[in-house]
Structures are given as structure tokens and as C-alpha cells.
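Participant: Here are the chains, one letter per residue:
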Amino acid sequence: MKKVLTTCEFCGCGCNFYLGVEEGKVVAVYPSVSHPISQGMLCIKGWLGHEYIHSPKRLMTPLIKEKGEFRQASWDEAYQVIANKIKQTKAQYANNSIATLSSAKCTNEENYLMQKFARACLSTNNVDHCARLCHASTVVGLATTFGSGAMTNSINEIERADVIFVIGSNTTEQHPLIASRILKAIKNGAKLIVADPRQIQLANLSQLYLKHKPGSDVALLNAMMNVIISEGLEDKEFIQQRTENFEALKATVAEYTPDKGSEITGVPKEKIVEAARTYAQSEKSTLIYSMGITQHTTGVDNVMATANLAMLTGNVGKECTGVNPLRGQNNVQGACDMGALPNVFSGYQKVADEELRNKFRKAWKVNLPPEPGLTVVEMLNSVLEGKMKLMYIMGENPMVSDPDLNHVEQALKSLDFLVVQDIFLTETASLADVVLPGVSFAEKDGTFTSTERRIQRVRKAIEPLGDSKPDWKIITELSSCLGYEMNYDSPAEIMDEIAELTPIYGGISYKRLDNFGLQWPCPTPDHPGTPCLHKGSFSRGLGKFGPASYKPPREMPDADYPFTLTTGRMAFHFHTGTMTRKAWALDREYPKGYVEINPQDAKELGLRNGQIAKVISRRGEISIPIKPVDTIGRGVVFIPFHFAESAANKLTAANLDPVAKIPEYKVCAVRVERG
Amino acid sequence: MKILNKSNLASFLEGLKSEFKVAAPLHEGQDILFGDLDSSNLATDFVGKPRFSPKEYLFPQKERLFTFREDADVEIEAHLNESKKVIWGVRPCDLYGLKFLDKVYLSDYVDPYYQVRRSNTILMGLNCNEAEESCFCNSMGTGPFAKEGFDLLFTDLGDVFLVEVGSKGGEKLVEKQANLFTNATSKDEAQAKVLEEKSKKTFKTSINLEKVKAKIDAASANPVWAEEAAKCILCGGCNWVCPTCQCFNVDDIRSGNETQRVRYWDSCQLGGFTQMAAVNSRATQAARLRQRIFHKFSYNPDTYDGQIGCTGCGRCIDVCPTGIDMTYILGRIANE
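Chains A and B supply the protein sequences, listed in that same order. Position 371, counted from 1, in the first sequence is what my numbering calls 766; the numbers after and before it change by one each time, with no gaps. Position 38, counted from 1, in the second sequence is what my numbering calls 40; the numbers after and before it change by one each time, with no gaps.
Please note: incorrect hints may appear among the correct ones.
With a straight-line Cα cutoff of 25 angstroms, these simulated PhoX-like cross-link-like pairs (lysine-lysine) come out [what the hints assert, rightly or not]: (1) K87/B with K206/B; (2) K64/B with K977/A; (3) K397/A with K206/B; (4) K420/A with K86/B; (5) K170/B with K397/A; (6) K87/B with K420/A; (7) K582/A with K206/B; (8) K452/A with K64/B.
Pairwise CB distance ranges, derived in the manner of DEER restraints [said to hold, decoys possible]: (9) I78/B with T456/A: 54 to 64 angstroms; (10) D862/A with D307/B: 28 to 38 angstroms; (11) N599/A with D304/B: 32 to 42 angstroms; (12) L108/B with D862/A: 41 to 51 angstroms; (13) A280/B with N599/A: 35 to 45 angstroms; (14) G878/A with E72/B: 43 to 53 angstroms; (15) I78/B with A758/A: 18 to 28 angstroms.
Read the hints as simulated data drawn from the structure, not as lab findings. Values in this document were obtained by computation on a predicted structure and should not be read as measured data. Here a beta-carbon is modelled for each residue, glycine too, at the ideal position from N, C-alpha and C.
Full structure from sequences and hints, please.
Facilitator: This is how it looks when you write it as C-alpha cells:
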């Protein structure tokens, strides 16, 4: 049996394992014992989630739609059809009538090429990806306060923290190997504070659990800061030497007394006070958050509030502390780093900056557009406005993942032309005019960047199935068809170009990544990488307090829609389920969706466990089995978004944070009825 | 008893390749995993055990059982693995694990897939001169030196291996390459005894197995189950690395008119395991954790003449992301 060391394709933990290969097929998994994160352990998806690789449903050839039906096609024909359509669209409409979606499931090299394809070949900055839907607010919020929108510290540092404050992260289910560090820290004597509208597993293992109302995060964090300042627990030296704008913060949080905080959040004020004291008084407090903070119309405010709390207490820029946004996808950090975003090139270099644009113009030998492009939801809106005509989607499934799916469907169907590059005929690919078969992570070389900014190798274990091709190869071939030559022999060569143009990846080369990768910033070939950011000074110089006032979620429950719907993931499935629902063990655990509801609410509605209910919002309705659980508060319901047939996102609203443009997946108003 | 110079181990194993597929612990990057013999990466002096036992040579993670094609007739093709294998470097805990699997798969109901693999496999044990942090085979009576279950058994005496013959099959392999071996002296055997006693002193954990066995049936209401299960994140790792876990699930992979019937390792810790009327009859995680321990220490001895289903290898402790520790649980039961 051949064994190939590679990086897991599911979450952002970045575990490494060996794939066991026999007769050209993946037949076994062995976690790497010496890898710093996996340490011989994996979660259920890491152990059993890879069955989809050999699913008979894999796409094996390009498909072209004719009279509503797909037929198989050669690569040459598919490329020709796409190239002609792109040329035609560009000739007839503006360059900005075309947009691409890149993929947090794909490698860094592929994301780099996709944004290069959009900018250099298609002459548009309309390139975005699902980071818009998960951590856009982190990128903005932490860049504003710290100067760098990524996890400040490293995963293993959590083990040695004194206090761990988890807010809006269901870590045991979504980042299991990071949760393992939290449990280790508890065993070492650390205190755990959990704030979450649902009484998640970590809440049961915590010293202090704050069950705040969905969308009340700013009020909770401001009230904690109010306590810290009024009791004189702030780190005065840190504030004075390392930060600016403190007086503004002080003024803003002054009105958030524990009483007021309690009134907005529903958390008893004694708990707010205790949480504030515990977090502020320890030597090393680390803050961990995820989508519970980011997926709000106040996402950027929420993120800045976490940063404010950390700066206020001097808990940033030293080991075992920091503000640690956990990135959901295997390579969502990397896809952002690579500039698969409408406003930046790789390494967060702004497209609007003339000097930087010139640098890329010289390297890519083509003029580049200066105006930032559209974000995911804006692209779809633009389709319905009749401006966007053609979309090219790689490895994303907006027909399940994006908010307000009826609207998404309407938009995608209104396009003149849709190209989807994927490994399965997803709900989105079914709507395409041409479908191109990419490959799974097991069939290609490349790199993923984990949530702790660790750039790691993905190694090819098996040959591409059928006529499918690695995604990087497809992009280069299509680009060349369009007259913009992209010639790379291997992903390693693409990484060399990335390193040349991207200061934070400047010292990265495949040769250096063999020993479980490097953490950016890594500017030079002899730089050891950076496990802990902002030591001595912040990326932006001084840390800047970003005071924010509480604003309620855009859509609050009312008489017609009396429940607050919050959405998310679960341990056994990943995102739109295209991969995990094809793995027998994961599918067996949860073959279908469910709606969590407080047992008392269920009783009053006359709904029993397993009964099919209708959940209705202003945008759509779904039928879904009821799951009464006492871990959720009265008036709140939760639906995992993995299941297309009972899609939570038919209900969610595309209400966006004004700056980050992230949709408010965590709060919308619904009604629950007997089905 | 024979003596094999350490420098001759690779030649001995290479010499077997004409007749057998040879598996051994190999340095795989910075890890140690069983794999097809590659003398340049052969691991001989590691402490403790590879994270995976060699169980999967007899009972793989994923095993194709048969393929059937539905044309005019139904055609069935079985996939029995009849290749002849030697596994070198099997630790005493794992020898016990395989002996236990033999009981499960070759007693009342004979599993043909296991049987074919097993009857074609020669096991070469390697005694442990030192215990790893998580090891507790000493308490389970399965190690650190093996007493049975091997065709050949190697003990590391420094520059040489003492080789004990445990079966006719093992003896034949020594005879075939007799030039590589010399006869052991009583001094060599005495040195092995000393090493065994020394090794026994390196264990960090001690479990009173008799107490556990005596008390386990009364332990069903022990609070330890709920306390420990509260941490479980349902990865199934304790099952995947266990040398005696033998549960599997069967699935059909259908493509056109061809279907492959495949079996996979399964985990009793999952909600989807052994569903009856759509649910696992052990509704809580605490009940599932209790089942795993009861199975090994109560039900297995009842079924298999007192043999426990735990080898004391400690892999389930090493693999658990949340620190659920078999020895801690056994301690709680014994000291109740």
C-alpha cells in the first residue's frame, strides 16, 4: 500500500494524514502522529469523510447543456464554447458583466490563478468566494483594529492559556482538533467561558456559560468592557503604549452598564460581571470566535468588539492570548491570502493602489482594472439588475450556501451563461450551461493555508478520475484559449510566482514546506514563519480601538414571524453536503436535516420529535423534521444548512453588513407550523 | 532459540520476499507505520507501538468482499485475498489482539475473508524493552514480552536479536536462511529475562485487572460514564486504532450494472451504529462509552473463555482528541 502524506480537505484546523492507496484507489487513512495539529488524532470527517473521492457520481467529462439536457463533450469543445461566449459577452457588454467565484476548497495555487484569470484575462475585479459568507467581517474588522485579518496566535498556544473565552464558535463540532486544545487547557487548570445562544457541548464543559440572544454580541462585549473599565481592571500600560482611540471606546462602553447589557442580551448581570473579571484578571486570556460573531449585519462591529476587549486587557501580541477567528474551510484563509477577493491582489495588496497595480501589471504583462469588483451577494443582485451576464463558478455551491436561495436561483437562471467547475453535478452545476470536471484534493498537488496561517502541502495520491483535470490546469488552459497565456509546469512553479509578488508569502517554496509547513508572514527564504502576530507592535503600528454601539439584527421576530432562526453547521457534515453526504458513515449519522426547537415551544405548537414541520420566512418555506432540544432558548430555532432538500438558506435573508457585505445568516425571523 | 545479528535482519526479511509479501514498521516521514518492507526505512528500535496495529492486514479499513454484475444473468465475483504474508515487528499487545480476533472470526462463525488472510499470514513478534507513556499491557497480562501467538519472536539484545520459534511455519523460515542464524546460549536467554524484568519497571500505569473484572458488572451506574462521555466528540478514533475492535458495516457501491459490496470498520460510539427502528438502542454517549468498556471487560470474557478484549496497548488513549482515558475509567471501576 502506498501512503501519501497530505492535508485534510474539510475544516481550517489543517490536520495532516496519510492516504493509503491500493490499485489506484484511496482505501485507508492514517493520522500523522508527528504533525503539530493532528498529533495522531482526527475528527470523524478526517477519518471517514473521504469516501466521496470514488463516488460513482463524480463528474468524469465536461458537459454541455443543449435544449435543457447535458451531453458529454471533449475538453476542446467545452473550452471553445466558453471562450466564444466570454469574448462575445465582453464585446457586447462591459468587462464588468462577467464575474468569477473562486473556491475555499481549492488550493492556494488555484485561487491565485482564478483571481489572475479574472483580473488579467477577463479584465475585471469581479472575483470573490465564500469567505464573503463566513469571515469577511473578520478581514475588515481585524484589519481595521490590528492591521491583519487573521488568527493572531497559533492553535497549540491555546493549551497553555489561563482563560479561554469562546464566543460564537461551536468548536467541538466545527473545529474538533482545536476543541481538543481547549479541553487540554481545562485539564491544565484553565478557565473556560462560553457565550452562545445554544448550549453547545463546550458550554457544558465551561466554568461560566452566557446564553446571550442571537445578535446581541456587541452589547455583551461592551458590557464586559464597561465592567473592566469601571473596576479599573484594564491594562493601562498596554493601552498607553500600544493603542490609540481609547477615549472613544471608553465613551461608547460607558453607557453599557451590566444592567443594560443584561437587558439586551438576556444574560444575568452577575454573569457578565464575572466573565469580565475572569477574562481581565488572568495572565493569559485567549478569545476564540467564529461565525456566531461574523455572520451578522453588525459583523464588523462584533469583530471589532472582540479586538477591543483583547486590547483593553493587553491580551494580544503575546503567546497564548489573542483574538482567534477560526476559519471554517480547509483553505478559506488561503483563498483570501491569494486575493480571491474583489478589492485586493494576493497578500491583501489593494487593487486601487496604483503602485501595487503597477507591480502586478509588470509581472502579468497586461493592464489591470483599478476599481474594486463586486462581492458574492452583489454579483447576484447585479444579475437581476441586468448588468451581470456571465458567471464562472469554481468549487462553490451558492444554490445551497448563499442566503435567500429563491433569489439566488432566480439570479443564476437569469444569467446569459453560467460555467461551473466542480467534482459533482451540484445544485448549482445543474443550472450551468457548461460544466467542467475538476478533481478532489487527493488527485492534485498544491497547498492549503490553515486557520493558524499555516501553509501546508497537499500531495497527489491518485490520478485524476476519468477525464477530469486539476482545477489549476483547467484555468490555465481556458485562459490560454482566450489568448492570455498561462504556462506552468506544476503548482510549485505557481507558488514561486506567488512568493515573488506576495510579501507575506515571500519566503514560501515547496522545498521549505515539507516539514509540516510555515506560518505567514514569512517574507524571506530564511524567515522561520510567524506563530504569534503583533508582538511588540501591531501590523498597522498602534492597535486602534474601534468602538461600536449595539444595533439589533436587521430582521427581528414579530407577531407574524415570532421565532429567531439561527443557522450553522454540525460535526458530521460539511457545508452544502456535496462531499460528506456521499460518505456512508456521515450520511448514516444525519441523512436529513432537522430544526432544533425548545421543547416547550414545540409542545405549544403541538409538534412532537421527528414530526415534519413547516418553517416559513418572508422569503420562502421548507418542510423539515422537528428536533426538540433543551439546549436552545425559547423563541429561537436552529437549522443546519447542509441539506438542499430542507435548505435553511431558503429562509435566510441577504441582509448585509454595510462594509464587509456578509449576510446575516445567524438571525432572521420565521414562523413554525405543523407540516 | 536462535540468534540473528541485527545487521542481518534486513537480509532475512528481504530473503522472504520471493515467497511472501513482507510488512514491517517503517519510518514514514517522521511517523512509524506498518508498510510493505523497504529495508532503508525499516524501524527496529522504536519505543512502544506504531499508532496503528497490524490488524488491518487481516481486517482492512475498507475491504472489497465481492462484485456482482447484473446483465442477463447475475454474475458474482468474490475477492478473497490469498497472498502469503509475513508481518515482522508485531508487538506483544498486537499478537494478543490477533489471537483475540481469531476467536471472534474463526470460532463459531468462520469469516471466510479473515480466514483466508489469516491462514496465509506468518507473525513475527518483537518484544518491548520499554513501555510508552500510554502502555498498560503489563496489567492486562499481554506484554511487554509475548508468551504465545507468534511464529517467530524477536527480542532486542543490543547488537543481536534473540529469536524464539513458535511454530513449524516459523521454524521453516529460519531453516531456509539458516546461514544467517546461530544458536543462542543460555547467557542470551538469561539476558532476555533481565530485559523483560527491566521493561516491566518502565510502565507508568498499573491496573488491577482482577478487581476490574470482579467489579465491572456492578459499575453500570458509575458516574464516570457520563463524566467522560461529556467530552466525546464522536470521532470514533478509539475504535479505529483498537487491535481488537472488529465491528464492521457493509455497503453497496453501485455504478451502472456493477455493484461492489464493501465492508468498512465501524464504531460503536456513533449514533448510527447498529440502528434498530432507526436509532442506536444506546441512546446516550455515556451508554455508548459504557458499552465499549463493558464489551471488552465483561461480555468478551463471558463469550471467549475469560479472554478480555483489551490488549493494554493504550492506543485509544493516544488517539482521543478529548483525553478520554481507558486506564482512568478502569481505575474508577476498580476503586469504586
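Participant: If you test the structure against every hint from before, which numbers come out violated?
Facilitator: Of the numbered hints, 1, 3, 5, 9, 10, 13 and 15 do not hold.
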